[in-house]
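Engineer: Use the sequences and the hints to build the structure in full.
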Amino acid sequence: MISAGDFRNGITIEFEGNVYQIIEFQHVKPGKGAAFVRTKLKNIINGGVVEKTFRPTEKCPQARIDRKDMQYLYSDGDLYNFMDTESYDQIALNADAVGDALKFVKENEMVKICSYNGNVFAIEPPLFVELQITDTEPGFKGDTATGATKPAVVETGAKVMVPLFIEQGEVIKIDTRTGEYLSRV
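Under my numbering, the sequence shown has 29 at position 27, and the numbering climbs by one with no breaks.
In short, the hints are calculated from the structure, not lab data.
Remember, it's a predicted structure, so these values are computed and weren't measured experimentally.
Backbone N, C-alpha and C fix where the C-beta goes; we use that ideal spot for every residue, glycine too.
DEER-style ranges, computed between Cβ atoms:
hint: 1; residue 1: 119; residue 2: 152; range: 44 to 50 Å
hint: 2; residue 1: 177; residue 2: 61; range: 32 to 38 Å
hint: 3; residue 1: 10; residue 2: 52; range: 16 to 22 Å
hint: 4; residue 1: 128; residue 2: 32; range: 41 to 47 Å
hint: 5; residue 1: 75; residue 2: 33; range: 56 to 62 Å
hint: 6; residue 1: 13; residue 2: 89; range: 27 to 33 Å
hint: 7; residue 1: 7; residue 2: 177; range: 30 to 36 Å
hint: 8; residue 1: 20; residue 2: 40; range: 15 to 21 Å
List time: in silico DSS-like cross-link candidates among lysine-lysine, alpha-carbon distance up to 27 Å:
hint: 9; residue 1: 114; residue 2: 44
hint: 10; residue 1: 54; residue 2: 34
hint: 11; residue 1: 42; residue 2: 61
Structural biologist: Have a look at this one:
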């Protein structure tokens, strides 16, 4: 059990029959009345976000989330196949469970599979990936001071905004949390 006074970002709790991850929390001590904790909670099963207020002494059971490193093998229509590199067990997840998580992940790369009571609810790609640009407009020499960007398509098919001097065929580093270009490789 975890008390509301100990809430931190990223903690998962069981509350009202659902499993939530704490996105934001704020301890509030008004001038008059009792203190309280204002939170923004994300339902890890359906992705909905709700705001709840707790008394600091309220307790919630902490949910046990299993994160397992698995290798992304390939996609076959609506199914995405993953393999446990220790036991060589394979699982196939449908497109609903995977969502947008694999747009920067190539085949044979490692990802984290997040599950609660054996039910997979999310896939965490690596924080940073290096991908080759397959399609973009030609670059312009000397046009680097403006900070302007142009669209580019990487080898996984995802679109990324890159600086004007980046050419087709170059390998770039991308932050998978924001989808932003970081640097050349």
